[in-house]
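Residue numbers (our numbering), protein chains in the order written: chain A, 1 to 113; chain B, 1 to 112.
Keep in mind that a hint or two might mislead.
[Stated by the list, open to error] 20 Å max Cα-Cα, derived PhoX-like pairs, lysine-lysine:
| id | chain 1 | residue 1 | chain 2 | residue 2 |
| --- | --- | --- | --- | --- |
| 1 | A | Lys67 | A | Lys56 |
| 2 | B | Lys71 | A | Lys100 |
| 3 | B | Lys100 | A | Lys56 |
| 4 | B | Lys57 | B | Lys71 |
| 5 | A | Lys56 | A | Lys42 |
| 6 | A | Lys2 | A | Lys70 |
| 7 | A | Lys42 | B | Lys57 |
| 8 | A | Lys2 | A | Lys42 |
| 9 | A | Lys100 | B | Lys100 |
| 10 | B | Lys71 | B | Lys100 |
| 11 | A | Lys100 | A | Lys2 |
| 12 | A | Lys100 | B | Lys57 |
| 13 | A | Lys42 | A | Lys70 |
| 14 | B | Lys100 | A | Lys42 |
[Claimed, not checked] If you only want the chain B side, here are some residues facing chain A, beta carbon under 10 Å, derived:
| id | residue |
| --- | --- |
| 15 | Tyr48 |
| 16 | Glu59 |
| 17 | Pro61 |
| 18 | Tyr64 |
| 19 | Gln108 |
In case anyone wonders, no lab produced these hints; they're calculated from the structure. Glycine is no exception: its CB is placed at the ideal position from the N, C-alpha and C atoms.
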Amino acid sequence: QKEVEQDPGPLSVPEGAIVSLNCTYSNSAFQYFMWYRQYSRKGPELLMYTYSSGNKEDGRFTAQVDKSSKYISLFIRDSQPSDSATYLCAMRTGGTSYGKLTFGQGTILTVHP
Amino acid sequence: NAGVTQTPKFQVLKTGQSMTLQCAQDMNHNSMYWYRQDPGMGLRLIYYSASEGTTDKGEVPNGYNVSRLNKREFSLRLESAAPSQTSVYFCASLDRTFEKLFFGSGTQLSVL
């Protein structure tokens with residue numbers, strides 16, 4: 001069983017829809033949680049970073065972490081065609097594990113006009 | 001500002017051949033990483049260098065070697081390529097202040 005599970009989709013939504021992307025994990029040592037966005041034939045880029053349980057909002061994006069359920073989510077409001085990409089959840093343990101991330105397999109999202 | 005530059009972008013090898021993937025960053029970051037990305041597997045860490053002069057194994061190091069040439073450059077070497085090493089390889093450097101990995105655009109490697 002993978003440490004991080006993410007539904008690969010693909011997910012197709014109309015412009016303006018609210019998108020919900022999710023990951024579950026099994027390692028209770030994970031303390032830091034991120035969402036990366038990857039456009040086709042490009043490297044991933046950091047979208048959101050959270051440490052504690054709860055919500056973090058940045059513009060149209062909200063990251064949610066529930067450590068008790070080992071579940072993280074990313075919500076995209078008012079989705080745009082430019083949001084079409086692969087979204088990867090990532091996480092790491094504490095201490096000096098900077099940059100040593102465990103990734104989900106990614107969810108392919110298409111937002112159509 | 002180029003960020004993280006990887007070369008080559010594409011490469012086809014025959015089984016048993018060797019090659020080196022080059023990576024350079026111009027952001028003065030201390031830590032650099034090599035990941036591979038395979039369908040259905042996400043990204044997996046191969047090797048990393050926490051600082052100039054140090055390297056350590058990641059999750060999938062077998063069949064690879066690395067060299068941290070200086071603070072800017074971190075190369076990945078395949079000594080004897082195998083079809084299982086067909087993948088997209090990403091180099092990254094870390095902005096530790098914001099805990100943000102900056103990735104290159106990747107090298108698509110096929111081993112026949």
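Outcome of the hint check:
For the hint pairing A/Lys67 with A/Lys56, the CA-to-CA distance comes to about 14 Å; that is within 20 Å, so the pair holds. With a C-alpha separation of about 19 Å, the suggested pair B/Lys71 and A/Lys100 falls inside the 20 Å cut-off, and the hint holds. Annotation: proposed proximity of B/Lys100 to A/Lys56 holds, straight-line Cα distance about 16 Å (limit 20 Å). With a CA separation close to 18 Å, the supplied pair B/Lys57 and B/Lys71 stays within the 20 Å bound.
For a cut-off of 20 Å, the pair hint linking A/Lys56 to A/Lys42 is broken: about 26 Å separates their Cα positions. This hinted pair checks out: A/Lys2 and A/Lys70 have alpha carbons roughly 13 Å apart, not beyond 20 Å. Of the pairs offered as hints, the one joining A/Lys42 and B/Lys57 is violated, with about 25 Å between alpha carbons and a cut-off of 20 Å exceeded. Between A/Lys2 and A/Lys42 the alpha-carbon distance is near 25 Å, which puts this suggested pair outside the 20 Å criterion.
Restraint check for A/Lys100 and B/Lys100: the C-alpha separation of about 11 Å stays at or below 20 Å, so the hint holds. This hinted pair checks out: B/Lys71 and B/Lys100 have alpha carbons roughly 18 Å apart, not beyond 20 Å. About 16 Å separates the Cα atoms of A/Lys100 and A/Lys2, which keeps this hinted pair within 20 Å; it holds. A C-alpha spacing of about 10 Å is found between A/Lys100 and B/Lys57, which places the hinted pair at or below 20 Å, so the restraint holds.
Among the hinted pairs, A/Lys42 with A/Lys70 is inconsistent with the structure: their alpha-carbon atoms are about 29 Å apart, more than 20 Å. Taking the CA atoms of B/Lys100 and A/Lys42, the gap is near 16 Å; set against the 20 Å cutoff, the hint holds. Interface restraint check: B/Tyr48 against chain A, minimum CB-CB distance 6 Å, threshold 10 Å, status holds. Below 10 Å, beta-carbon pairs count as interface contacts, and B/Glu59 has one with chain A at about 8 Å; its hint therefore holds.
Because the smallest distance between the Cβ of B/Pro61 and any Cβ of chain A comes to about 13 Å, over 10 Å, the interface hint for this residue is violated. Hint status for B/Tyr64: violated, given a least beta-carbon distance of 16 Å to chain A, over 10 Å. For B/Gln108, the shortest C-beta to C-beta distance to chain A is roughly 8 Å, which falls under 10 Å, so the interface hint holds.
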